[in-house]
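**Q** Given the coordinates of chain A, work out where chain B with the ligands should sit on it, guided by the hints.
Line by line, the protein sequences are chains A and B.
Per the numbering used here, the very first residue in the first sequence carries number 56; after that it's consecutive.
Per the numbering used here, the very first residue in the second sequence carries number 597; after that it's consecutive.
All the given hints hold, so there is nothing to weed out.
Straight-line Cα separation of at most 27 Å, DSS-like style, residue types lysine-lysine; simulated pairs: (1) K221/A / K733/B; (2) K728/B / K221/A; (3) K728/B / K757/B; (4) K221/A / K757/B; (5) K757/B / K672/B; (6) K656/B / K672/B; (7) K672/B / K221/A; (8) K221/A / K236/A; (9) K236/A / K63/A.
Simulated from the structure, these hints should not be mistaken for laboratory data.
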Amino acid sequence: MTRASWLKLAPYLFTIGFFLLWEAACRVFAISAFILPPPSAIWAALVQYQKPLYTNAFHTLWMTSAGFGLAILFGLALGLLVGSSRLIYAGLNPLLVGFNSIPKVAVVPILVIWFGVGWLPPVLTAFVISFFPIVVNVATGLATIEPETEDVLKALGASRFDIMTKVGIPRSLPYFFGALKVSITLAYVGSVIGEQNASNLGIGNLITRASADFNVPLIFAALIVLAVLGVFLVAIVDIVEARMTGWAKRSQLGNA
Amino acid sequence: MSAFVELHDVTHVYGGGEGPPAVAGLSLGIGEGEFAAIVGPSGCGKSTLMKLATGLQRPKAGTVIVAGREVTEPIKITGMAFQNPVMLPWRTTLQNLLLPLEIVQPHRARLRANRAEYVERAEMLLETVGLKGMGSKYPWQLSGGMQQRASLCRSLIHEPKLLMLDEPFGALDAFTREELWCVIRDLHAARGVTVILVTHDLREAVFLADRVFCMSARPGRIIAERRVDFARPRDLDLTYTPEFAAVVQELRGQIREARVAA
Ligand SMILES: Nc1ncnc2c1ncn2[C@@H]1O[C@H](COP(=O)(O)OP(=O)(O)OP(=O)(O)O)[C@@H](O)[C@H]1O
Ligand SMILES: [Mg+2]
Numbered sequence: 056m057t058r059a060s061w062l063k064l065a066p067y068l069f070t071i072g073f074f075l076l077w078e079a080a081c082r083v084f085a086i087s088a089f090i091l092p093p094p095s096a097i098w099a100a101l102v103q104y105q106k107p108l109y110t111n112a113f114h115t116l117w118m119t120s121a122g123f124g125l126a127i128l129f130g131l132a133l134g135l136l137v138g139s140s141r142l143i144y145a146g147l148n149p150l151l152v153g154f155n156s157i158p159k160v161a162v163v164p165i166l167v168i169w170f171g172v173g174w175l176p177p178v179l180t181a182f183v184i185s186f187f188p189i190v191v192n193v194a195t196g197l198a199t200i201e202p203e204t205e206d207v208l209k210a211l212g213a214s215r216f217d218i219m220t221k222v223g224i225p226r227s228l229p230y231f232f233g234a235l236k237v238s239i240t241l242a243y244v245g246s247v248i249g250e251q252n253a254s255n256l257g258i259g260n261l262i263t264r265a266s267a268d269f270n271v272p273l274i275f276a277a278l279i280v281l282a283v284l285g286v287f288l289v290a291i292v293d294i295v296e297a298r299m300t301g302w303a304k305r306s307q308l309g310n311a
Numbered sequence: 597m598s599a600f601v602e603l604h605d606v607t608h609v610y611g612g613g614e615g616p617p618a619v620a621g622l623s624l625g626i627g628e629g630e631f632a633a634i635v636g637p638s639g640c641g642k643s644t645l646m647k648l649a650t651g652l653q654r655p656k657a658g659t660v661i662v663a664g665r666e667v668t669e670p671i672k673i674t675g676m677a678f679q680n681p682v683m684l685p686w687r688t689t690l691q692n693l694l695l696p697l698e699i700v701q702p703h704r705a706r707l708r709a710n711r712a713e714y715v716e717r718a719e720m721l722l723e724t725v726g727l728k729g730m731g732s733k734y735p736w737q738l739s740g741g742m743q744q745r746a747s748l749c750r751s752l753i754h755e756p757k758l759l760m761l762d763e764p765f766g767a768l769d770a771f772t773r774e775e776l777w778c779v780i781r782d783l784h785a786a787r788g789v790t791v792i793l794v795t796h797d798l799r800e801a802v803f804l805a806d807r808v809f810c811m812s813a814r815p816g817r818i819i820a821e822r823r824v825d826f827a828r829p830r831d832l833d834l835t836y837t838p839e840f841a842a843v844v845q846e847l848r849g850q851i852r853e854a855r856v857a858a
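Next comes chain A alone, as it looks inside the complex (with noise of 0.2 Å):
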């Protein structure tokens, strides 16, 4: 077999691999099932718990899509707004990197204080631990535009909004992608600790009961199913950068 096909095949032999290894881990050192159950097992809580996880999962990617959509929304406007500006970029980097550290955990009780439990607390708690990122690094985008680049623009007359429209925001879209990679995981963090604490739904409220029951392997097989969604959403995420910004990483393959 060439190498690229095994390029191809890797990350699934990788992914089977883990899971013999941990099957047969756990059947060797005899592992309770209660500690960590092996995989056969939480396949059995997959397939016999399988209606609630759908319909839980399926809550939780809406208030993670809900999140992350404001997100987006906002980590865009605010990031174009800071990146335009030395003036604001300089007055709210120390508000940025002083609300970016609050750990978000700690904002769930007073969300649950506003707006009571519900699906309010968690696509809130989605919306501000997957929003930083997008800002800081739209505003990076635009503030680290090359003298260079906006002499050529500037030499022809240009306004500052040209220079921000044809220079500035495709300039930063990968810098935006890369931030939506980090955000979507993070909003899916998000979603789930809001689920946990403060929602009567969603996967996050599922592991919450399992583990009151001492249902390990449910507990296991919500965990699984969040990486299986994770895995997809980034996939996304994936798909339509390389759609927009395919010139970032081609030119620099081409510099290599």
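**A** Here is chain B with the ligands on its own, set in the frame of chain A:
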């Protein structure tokens, strides 16, 4: 005589005022339609002079006047080719060429409706610099010299009144370079544009220019000026005549003095 591009006793300091000036007491005047070449040691402020003349940098002292008006912001009648090509990597070469037309009036308003006409113009320009059919390639698929040529086209596409060329041929081989000399020569003859060319190549300066200005080492100012009176149109063969060599020799001597004085 009132000049088209005029610098009066200009001093420029980078980085907000403190520190040694990049150019000091710099004065020169270039007539409309004239071809001027600027030579001088590296780091003496030639690129700075270009930026001052186009309003990309504001002088700390002195005045810059272009086309009878004091320059207080980037002027819109220039085409500029910089020392490095600065192409936008997300645009194809053709789209890069069209960039000035998306900004400069009256083309900006006409571009959408007359795109085909402009694309044709761009492709003709590409052909003159030996990049025929390369319009659909991305800049990073072109070699350094090809990018440099494309950037030259970009500086010409909107038919500017003033053409500023900052070592545009630096990265090219001798043959392409001489070919492009002829492109620029013909362009200058046909359109009557005013050209300011920064170069390290004295033969290039003497072949193309009506006047060659020598700058001193940093802080730069004009220390010598040499009129070149060879009849136009000039042929490349001219560069192998003794008269031509004599002018080049003379300039070389002046530059050497400038470097020693530093
Ligand atoms: N953006 C900048 N900030 C600070 N100093 C600068 C900047 N650009 C140029 N300088 C300084 O100003 C001086 C003149 O620079 P300039 O680029 O005009 O030189 P040059 O004559 O074009 O040189 P070369 O022939 O090597 O291109 C240099 O000593 C350089 O260090
Ligand atoms: Mg220079």
